[in-house]
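Engineer: The chain contents come next:
There are 2 protein chains.
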Amino acid sequence: MNKKGELIVISGFSGVGKGTVVKKLIEKYHYSLSVSATTRAPRPGEVDGKDYHFKTVEEFRNLIDYNGFIEWAQYVENYYGTPRKYVEDELAKGNDVILEIEVQGAMHIKEQYPDAVLIFITAPNAKTLQERLEGRGTEEGKVIAKRLKRAYEETDDMPQYDYLVVNDDLDTCVDDVHAVIRAESFKTKKHNDYVNNMKEELFAIRKEILS
Amino acid sequence: MNKKGELIVISGFSGVGKGTVVKKLIEKYHYSLSVSATTRAPRPGEVDGKDYHFKTVEEFRNLIDYNGFIEWAQYVENYYGTPRKYVEDELAKGNDVILEIEVQGAMHIKEQYPDAVLIFITAPNAKTLQERLEGRGTEEGKVIAKRLKRAYEETDDMPQYDYLVVNDDLDTCVDDVHAVIRAESFKTKKHNDYVNNMKEELFAIRKEILS
Chain A
1 MNKKGELIVI SGFSGVGKGT VVKKLIEKYH YSLSVSATTR APRPGEVDGK
51 DYHFKTVEEF RNLIDYNGFI EWAQYVENYY GTPRKYVEDE LAKGNDVILE
101 IEVQGAMHIK EQYPDAVLIF ITAPNAKTLQ ERLEGRGTEE GKVIAKRLKR
151 AYEETDDMPQ YDYLVVNDDL DTCVDDVHAV IRAESFKTKK HNDYVNNMKE
201 ELFAIRKEIL S
Chain B
212 MNKKGELIVI SGFSGVGKGT VVKKLIEKYH YSLSVSATTR APRPGEVDGK
262 DYHFKTVEEF RNLIDYNGFI EWAQYVENYY GTPRKYVEDE LAKGNDVILE
312 IEVQGAMHIK EQYPDAVLIF ITAPNAKTLQ ERLEGRGTEE GKVIAKRLKR
362 AYEETDDMPQ YDYLVVNDDL DTCVDDVHAV IRAESFKTKK HNDYVNNMKE
412 ELFAIRKEIL S
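These protein sequence lines map, in sequence, to chains A and B. First residue of the first sequence? That's 1 in this note's numbering, and the numbers climb one at a time after it. First residue of the second sequence? That's 212 in this note's numbering, and the numbers climb one at a time after it.
Keep in mind that the hints were calculated from the coordinates and are not lab data. Cβ atoms here follow ideal geometry from the backbone N, Cα and C, with glycine treated the same way. Check before you lean on any hint, since a few could be wrong.
For the chain A half of the interface with chain B, some residues (derived, Cβ under 8 angstroms), not all of them [to be verified]:
| no. | residue |
| --- | --- |
| 1 | R40 |
| 2 | A126 |
| 3 | Q130 |
Over the 10 angstroms line for every Cβ pair with chain B, so calculated as not near, a few chain A residues [unchecked claim]:
| no. | residue |
| --- | --- |
| 4 | E27 |
| 5 | G49 |
| 6 | Q104 |
| 7 | R206 |
Let's have the full structure, built from the sequences with the hints guiding it.
Structural biologist: Below you can see the structure in the form of structure tokens.
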């Protein structure tokens, strides 16, 4: 049975720890991770090609013109995009590709890749989410309220996701996401060729036995 | 997030080893296994309540009249059925229930329980299936041809199953089936209540912070 590469889109509430989940998932299960391109300046410690592909505005716009992104968006004055080549090359090799991406981008991906698997990482409950945001200790009440408002709005998009996985215990969450990706590869609709081959082979073998 | 019990239907080609897969799955992951009722006589070594619930024809027909089965069928002169009470009790407790059942029965289950997860255990290819049937050593060519004919017919029903899992290596197959069941519990459509609660809670918390 041929295994095709799965395109896995991971989103989640701000503060839910999805970055950590994705990092651990890649380390433990060796999925291919798509690195976004951006025009924003690198922050201290960020490595080009690892954290982001850093581009000038001119380079980025040129890539848009050449259909170089499977999705892109502009926030304030910076561009962010998912490079097409890496994703399509990995999928063609049969590798599963992880994209960590915002809700809007996730919806654009689903339009172009209907087989993409959309996973939303969530918290056990709203209280826990609030505590995690407060736990960062760097943000004041107003900022936290703003993030909770955004989370509130994002609940409207949750039904568009195929799976909701709770990040309560990190290791459990990572294994849960891995189980989802593994299970997706067994979906019958992805194996029409296998079913047709099986049918033909069984017909031929039976004929041979009876002859 | 409340976890509801999943109803898992496992079918597969004759000779594919699905009985062994189910046995190992129950041992390793402690799923609840539904035991069928039948009117056929126990074979040597078979234990009432473990291999089957052995019933008289009168008892069985009475159970049909009282809606005691979620599906039943008659093969030659024997009845076979899946007792309703065990399945519904386990699901109500939030336990996942495994049914090992023929293709026709699986379709009846899906009609009544649209959320049931249908898994078809298959072989890497037809040649392997033939070899396994021959490897039993107890059956002659005609019987094997008959089983392969049945397998050929069953390929028509494979697209009705949600997942196809290949039994090449037994342990891998068992873990693959387990991953499917685990993943199913995260399907967004099964967690509408969670999403609605999250929305209400986030709204209330944000209001509290801003007040």
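Engineer: So, Q130 (chain A) near chain B? Judge it on the closest CB pair being under 8 angstroms.
Structural biologist: It holds, given that the least Cβ distance between Q130 (chain A) and chain B is near 5 angstroms, below 8 angstroms.
Engineer: Just to be careful: measuring from the Cβ of R40 (chain A) to every Cβ in chain B, is the smallest value less than 8 angstroms?
Structural biologist: Violated. Min distance 28 angstroms.
Engineer: Determine whether the non-interface label on R206 (chain A) survives the test: each CB of chain B must be over 10 angstroms from its CB.
Structural biologist: violated, 4 angstroms
Engineer: Is the Cβ of G49 (chain A) more than 10 angstroms away from each Cβ in chain B?
Structural biologist: Holds, since 32 angstroms exceeds 10 angstroms.
Engineer: At 10 angstroms, judged by beta carbons, does E27 (chain A) keep clear of chain B as stated?
Structural biologist: holds, 19 angstroms
Engineer: Taking the minimum C-beta separation from Q104 (chain A) to chain B, is that value above 10 angstroms?
Structural biologist: holds, 18 angstroms
Engineer: Quick one, is the A126 (chain A) hint okay against chain B at 8 angstroms, beta carbons?
Structural biologist: holds, 3 angstroms
The structure is inconsistent with the numbered hints 1, 7, although it conforms to all the rest.
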